[in-house]
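Peer 1: So the sequences go chain by chain: A and B.
The numbering of the first sequence is the numbering used here, which starts it at 232 and goes up by one.
The numbering of the second sequence is the numbering used here, which starts it at 20 and goes up by one.
Hint data in this document are derived by calculation from the structure and do not stem from the laboratory.
Please note: incorrect hints may appear among the correct ones.
Claimed, not checked - Pair ranges (Cβ atoms, derived):
| id | chain 1 | residue 1 | chain 2 | residue 2 | range |
| --- | --- | --- | --- | --- | --- |
| 1 | A | Arg373 | B | Gln335 | 31 to 39 Å |
| 2 | A | His317 | B | Gln335 | 25 to 33 Å |
| 3 | A | Glu341 | B | Asp314 | 32 to 40 Å |
| 4 | B | Asp300 | A | Glu357 | 27 to 35 Å |
| 5 | A | Arg350 | B | Ala157 | 28 to 36 Å |
| 6 | A | Arg373 | B | Thr176 | 33 to 41 Å |
| 7 | B | Ala182 | A | Glu341 | 52 to 60 Å |
| 8 | A | Arg350 | B | Thr176 | 47 to 55 Å |
| 9 | A | Gln368 | B | Pro77 | 39 to 47 Å |
To be verified - Chain B regions said to be covered by chain A (calculated; three or more residues, Cβ under 8 Å):
| id | stretch |
| --- | --- |
| 10 | 103-113 |
| 11 | 277-289 |
Said to hold, decoys possible - Partial chain A-side listing against chain B, Cβ under 7 Å, derived:
| id | residue |
| --- | --- |
| 12 | Leu240 |
| 13 | Ala296 |
| 14 | Gln351 |
| 15 | Ala355 |
| 16 | Lys359 |
| 17 | Leu360 |
| 18 | Asp361 |
| 19 | Ala366 |
| 20 | Val367 |
The C-beta atom is built at its ideal place from N, Cα and C for all residues, glycine as well.
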Amino acid sequence: MKATIRKILAGIGLATAAQVRHAAAQAQQSARKADQRMARLRTSAEGWKQRHEETSKVAAEWKHAAVDARANVERATGRLEQVQAHVVEWKARAEALATQVRDLKERLDEARRVTTVARQHLMATEVKLDLIEAAVQVLDARTREGALPRS
Amino acid sequence: MSGIPALSIVVASRNDDYGGSYTDRILKPLQFNCERLTEHGVSFEVILVEWDPVPGRPLLSELLPPELPDMTASVFRRIVVASEYQAALTQNPRVRFLEYLAKNVGVRRAAGTFVLTTNGDIMLGREVVRALAAGRLAPRTVYRAPRYDVKLGIDQTGLNWEALEDPANHDRRPTLRPPLYNGGTGDFLLADRDTYHWLRGFNEVYRAARSGIDFNFLVKAYGGGVAIAEIGGPVYHINHVGSMRISKALYTSSTETPWGNLRWHSRHVVYSNGDGWGLSDAPARQLADGTTYLDFDWKAVPPLVELRRVVLPSRQPEGLRA
Chain A
232 MKATIRKILA GIGLATAAQV RHAAAQAQQS ARKADQRMAR LRTSAEGWKQ
282 RHEETSKVAA EWKHAAVDAR ANVERATGRL EQVQAHVVEW KARAEALATQ
332 VRDLKERLDE ARRVTTVARQ HLMATEVKLD LIEAAVQVLD ARTREGALPR
382 S
Chain B
20 MSGIPALSIV VASRNDDYGG SYTDRILKPL QFNCERLTEH GVSFEVILVE
70 WDPVPGRPLL SELLPPELPD MTASVFRRIV VASEYQAALT QNPRVRFLEY
120 LAKNVGVRRA AGTFVLTTNG DIMLGREVVR ALAAGRLAPR TVYRAPRYDV
170 KLGIDQTGLN WEALEDPANH DRRPTLRPPL YNGGTGDFLL ADRDTYHWLR
220 GFNEVYRAAR SGIDFNFLVK AYGGGVAIAE IGGPVYHINH VGSMRISKAL
270 YTSSTETPWG NLRWHSRHVV YSNGDGWGLS DAPARQLADG TTYLDFDWKA
320 VPPLVELRRV VLPSRQPEGL RA
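Bound-form chain A, shown alone (with noise of 0.2 Å):
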């Protein structure tokens, strides 16, 4: 009988009243999942927002790092410029060195040889000097022993 009746009230677009308690019921509990939703995509969206300004500052950071970077590298490539031409500069200078090492060295390796040479000359000069000194000696006491009468 209450299943006819619902179909006539069905019929002409009535609900019984427990049907409609049913669907207020439900609409309420769907009303509180909508705004529980709508809490959990709000504090997302807060999530996200932080986020976001936490990723735009740390990009900002390393654009910012970039930029020095960069401005280093342009202080280090003017610099490295600098170091080369030094390095030009000094090898340049080195090389005038060594030549002038290597210069030095063969005079003094002649002089030395020069040295040596006059040193043996000397060294025959007073064995000469001797000799001459030795035999006016000898001479000189040859002369005496004759140069006087015997008794």
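Got chain A sorted already, so can you dock chain B onto it with the hints?
Peer 2: Only chain B this time, still in chain A's reference frame:
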């Protein structure tokens, strides 16, 4: 002896009691050496050059032969050099014995394939005699041997190699070092006769000193490209009072010694002896006992000074101090 001896031993001396009586100083070492060489089959002659004999004293040439009856006059050759040569050749009256000129007299007249200039008081070591006996000596090489000094006053009676080799009997055992292997040089200089003649013996140009002439010979040999080598063993010398090694410290001046100037430039300046080196132009006559006597003749005497004969060696040993 017949034929050419393998070895001529040249010693120069005089009967002046230098270093003790001639018996100990010359006779015993001479006997020792001759016995060892004979035992090992080395043919040899000994040439004793008696330089400037001491007036009023018997000649060693007379005293020694009776003590060596087994040695004929051709094996034990005696050459007496007239005293006038010392007087005519001297450049320094302090140097009473021109030892190396005397040795040159022997070298010039030596007949052996090899010539050893040494001193009368030197005894040949075992390895030296073995090397001579083995005939493994090379030409154009000056051989050297270190001189081991045997204790002063050791009894020479029956002295043999075992006693000589005993380190307990040694005062000094030097080590010779290249390139010249100098040290006690005058006690052992062995080379083939041709090399000695090519070098024209010891320095006869600088006669103002007796010391350093032996070293000077090595410098000349080295400069001339002659090899210098150690023979492989020592010779022995009985220490005696008056030897240069022991006595030179007694002299305060390096010039007023019986060996002349000890500091002349013997390590750097050499010589070119004249053709008549070794008194080759001295007139010689044979005495009745077989001794050769070199009479004096000015023709045999080189000029008092010949500066052109003072020369520099064509190569100098490294590291010799001036």
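Peer 1: Which earlier hints can't be squared with this structure?
Peer 2: Violated hints: 2, 3, 6, 9, 12, 13, 17, 20; rest satisfied.
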